[in-house]
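Enquirer: Between the sequences and the hints, there should be enough to build the whole structure, so can you do that?
So the sequences go chain by chain: F and G. Sequential numbering of the first sequence, starting at 1, is according to this note's numbering. Sequential numbering of the second sequence, starting at 1001, is according to this note's numbering.
Everything labelled a hint here was simulated from the structure, so no lab data went into it. Fair warning: there could be bad hints in the mix.
[What the hints assert, rightly or not] In silico lysine to any residue, SDA-like type, Cα no more than 20 Å apart, as pairs:
1) 293/F x 1313/G
2) 1155/G x 35/F
3) 98/F x 20/F
Keep in mind the model is a prediction, meaning the values are calculated, not measured.
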Amino acid sequence: MRGLPLAAWAYVGGVVAVAGILIATAPYTGLHWSTLAVLAVLFLVCDSAPALLNIESAQVAPSYSASLASVVLLGPVGAALVGVSAVITAQRHRGAVKRLFNGAQFALCGYLAGEVYVHVGGTLGTLDPASVSRTLGPFIAADVTFVAVNLPLVTGILLLTKTANLREWIDELRPLAVGYLGYGMLGLLIAGLWNKVGASAAVLVLLPLFVARWAFAQSRAQQEAYDATIAALCQAVETKDYYTRGHSERVSRGSGMIADEIGMRPERAAAIRYAGMLHDVGKLGVSTKVLQKPGNLTEEEYAAVQLHPMRGLEIVREIGFLDEALAGIMHHHEKMDGSGYPMGLAGEEIPEFARVISVADVFDTLTSTRSYRTAWTLEEAVGELRRSAGHHFDPVMVEAFLRALDRVGWEPPEPVVLPERDRVQTTRQDHDDPTSPLKVAGDHLTQQW
Amino acid sequence: MVNRTEQRSAWQLLDSGQLLLIAIAGLVVIVAVTQVAAVGLDRPVTAVIFGVLIALGELARMVMPGNREVAPIGTAGALGYALLLRVGEQPADQTPLQVVAVTAAGMLIGSLPHIAVGRAPAPDPMARRLLCIALVAFLFRPIAGRLLPAGELSKRDWLLALALMAAVVALAGLAEVVVAAMIRAEAVRARFGIALADEIGALMALWVATGPTGMLIAVATSVMGLTALLVFTAPILVTQVAFRRYAGIRATYLQTIRALSRVTEVGGYVEPGHSRRVSRLSIAMGRELGMAEAELLDLEYGALMHDIGQLSLGDPIPGGATVLASPNEQRKIAELGAGVIEQTGVLPRVAEIVRRQSEQYRVGRSPSTAPPLASRIVKVANAYDDLVGDSGDRDRSAAVLERLRLDSAAEYDPAVVESLSRVIDRGGLARL
Chain F
1 MRGLPLAAWA
11 YVGGVVAVAG
21 ILIATAPYTG
31 LHWSTLAVLA
41 VLFLVCDSAP
51 ALLNIESAQV
61 APSYSASLAS
71 VVLLGPVGAA
81 LVGVSAVITA
91 QRHRGAVKRL
101 FNGAQFALCG
111 YLAGEVYVHV
121 GGTLGTLDPA
131 SVSRTLGPFI
141 AADVTFVAVN
151 LPLVTGILLL
161 TKTANLREWI
171 DELRPLAVGY
181 LGYGMLGLLI
191 AGLWNKVGAS
201 AAVLVLLPLF
211 VARWAFAQSR
221 AQQEAYDATI
231 AALCQAVETK
241 DYYTRGHSER
251 VSRGSGMIAD
261 EIGMRPERAA
271 AIRYAGMLHD
281 VGKLGVSTKV
291 LQKPGNLTEE
301 EYAAVQLHPM
311 RGLEIVREIG
321 FLDEALAGIM
331 HHHEKMDGSG
341 YPMGLAGEEI
351 PEFARVISVA
361 DVFDTLTSTR
371 SYRTAWTLEE
381 AVGELRRSAG
391 HHFDPVMVEA
401 FLRALDRVGW
411 EPPEPVVLPE
421 RDRVQTTRQD
431 HDDPTSPLKV
441 AGDHLTQQW
Chain G
1001 MVNRTEQRSA
1011 WQLLDSGQLL
1021 LIAIAGLVVI
1031 VAVTQVAAVG
1041 LDRPVTAVIF
1051 GVLIALGELA
1061 RMVMPGNREV
1071 APIGTAGALG
1081 YALLLRVGEQ
1091 PADQTPLQVV
1101 AVTAAGMLIG
1111 SLPHIAVGRA
1121 PAPDPMARRL
1131 LCIALVAFLF
1141 RPIAGRLLPA
1151 GELSKRDWLL
1161 ALALMAAVVA
1171 LAGLAEVVVA
1181 AMIRAEAVRA
1191 RFGIALADEI
1201 GALMALWVAT
1211 GPTGMLIAVA
1221 TSVMGLTALL
1231 VFTAPILVTQ
1241 VAFRRYAGIR
1251 ATYLQTIRAL
1261 SRVTEVGGYV
1271 EPGHSRRVSR
1281 LSIAMGRELG
1291 MAEAELLDLE
1301 YGALMHDIGQ
1311 LSLGDPIPGG
1321 ATVLASPNEQ
1331 RKIAELGAGV
1341 IEQTGVLPRV
1351 AEIVRRQSEQ
1361 YRVGRSPSTA
1371 PPLASRIVKV
1381 ANAYDDLVGD
1391 SGDRDRSAAV
1401 LERLRLDSAA
1411 EYDPAVVESL
1421 SRVIDRGGLA
1431 RL
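Expert: So, in structure tokens, the structure goes:
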């Protein structure tokens, strides 16, 4: 918290002061202190649980249920007091200022939600079963108010302290708001059962949710481990050729850029990233001798090269990917005019994934150094993509890629410096390189480019 | 070996423990259905609504890592019905047998779509889930009937009821885990203690979510009537989504490593099927030697990727058999492979297994520096498969085992070689 910008200090000070005045001047008549104590403890446990469960990126969502329950059971002032208890959370990694701010903003949220709840006719105190359904409308209003006050307050501090940039944060806001509203609604269930079983209701409602959060955290960790593993294994495949290092990852990134640009659904965009990563694994099936051969390839050798997408497919077929990803790997060397391989598909026959990957694949090849030529500049490569749009590439994908290129840029690989001491492997030809097609002895295929 | 198992019918694949379990469950269901048919259904609307919830839960069942079938929503619903004391103003007096009948009916109906799309039913997890619910119903309902007043429950009564529910649910969860561990121990030839620890590790988190939800459903339905039922399944729904995602990623992870370990075969570095066979042998040996599930997963990854270092070699070793390569070359391949795996940054134990697979069991006279058990297992499994390969020739297999035995104590760990011999004697690799 040291080095906090002045504006942020002022902001925190303002929020804390408003909350302080509110609590100092509030009427405390008729407050159920024992219920308040239990709810405050519940709120604290929920707020501290992420720390106890060792979940990174702790969000306080389950404590929303406790706050909203206190809106019904205690009214605005009680809800504000429950919010204040966030000051003594067990999340010790949060600095004192942060905790103070949290306490103040939760108090404000609770108070305002409580006021709204009372004004639209919600009944305070323990609910009898019959009144739960009549309470629904006011409760939803309270829930919406709570989230609508909470998120802007938090957004303010995140922007002022520059811990989040506006664009990314806005992308995250929607799922957050939905999650928070959902957790808030559970507050009604807790309040509804409070009369009969007290705080045990909260335990029964929230325990499964804590387990769910734990499982989500686990799957996120697994997902990251998975991505790291797949990248490392692809890199291992690339060691066969010194010059193509990092190619898979860059093709994956390029394919992802196009996918985002043409508005693919997130699952498909994720699948195409994997497909881009794995598009060349089949190259291992091509013997090193063929890849390193300086002169013309025999027809058999050329056939072996042409089969590599099929070999790749053979390897990745068992992975539970979308079928589209498999099709993308298999057809990434097809061309729009039908002169590609392995099947000579043309135009729209070529699966969308393959049309995407082939653009990223060739672009990275052109902008990388090869043993027989230096890397092209980005402008030269862009020119080449433009020229080939229509007969080699799908123009839609080329345009999408160029737009994405303008927006997020492209980092070509560092110029390759071959290490001296090791005998490294390099190839004399690159099957991906359209400017220098594979030379096949006495064959017309070479004339295609 | 594989063909023979495929030819056996589904029933013959079940172990005696599974058969016993299914028989008991079947018997209980028959008694329950007969009884209910004789005296009629008490509060049919409640029964049908819970039956539908159970059926939906069964429809949404999923497979957790380690091929464990679970149905959290269905289980929570059935627990709720077994623990149900009142529906709003009315007392709920369903007998334990009726609980069993409704649960069985719900599970059966929920399974029909699975069968319709060609997924073979797994009778033993269903039997286990049903018996667990039966246990809860038979324990809780008589005791609750005696302890709690028939009319409106006071706050004190509710706390007593909750405590009783918690105790019964915990007991039933424990019983289910013990039964699951017994069956698993028999099926994969693991030791019972280890299987029990594995089951608890794999399923406890899910039980912590399912049990309280079942109690919550019972309490909420008692207090607020049947309309609350659907709302109160929301927490377990979220839990189910979370676990399904987790299980999905775990499965894809394993599939991917299995698939990518084949690049060494496609590249002509090793014989086709080598990585897969070494990993299957290694797992069977690891179980034989009492490894826990988490260690077995590392062992499986390590065995699948044990030759990945060969990708960094210029030319494949003739025949791909590392056992015939010079010790220096073996060490280099192991180093390179470990380097690749370390690149992931997330599989340090697997990298260690691969790195030390080339080491001799005993260098000099100090066993304290011996490589980890998993490395020793991969070393033996790799040597065996390099020398025997895909051939089912018994003589060759026996000769190779003999050779490994002669080399053991120095090159190979004798205990590991013996475990290999037991695995091979059994004539098959345990099912996963």
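Enquirer: Mind listing which of the numbered hints don't hold for this structure, in increasing order?
Expert: No numbers; nothing is violated.
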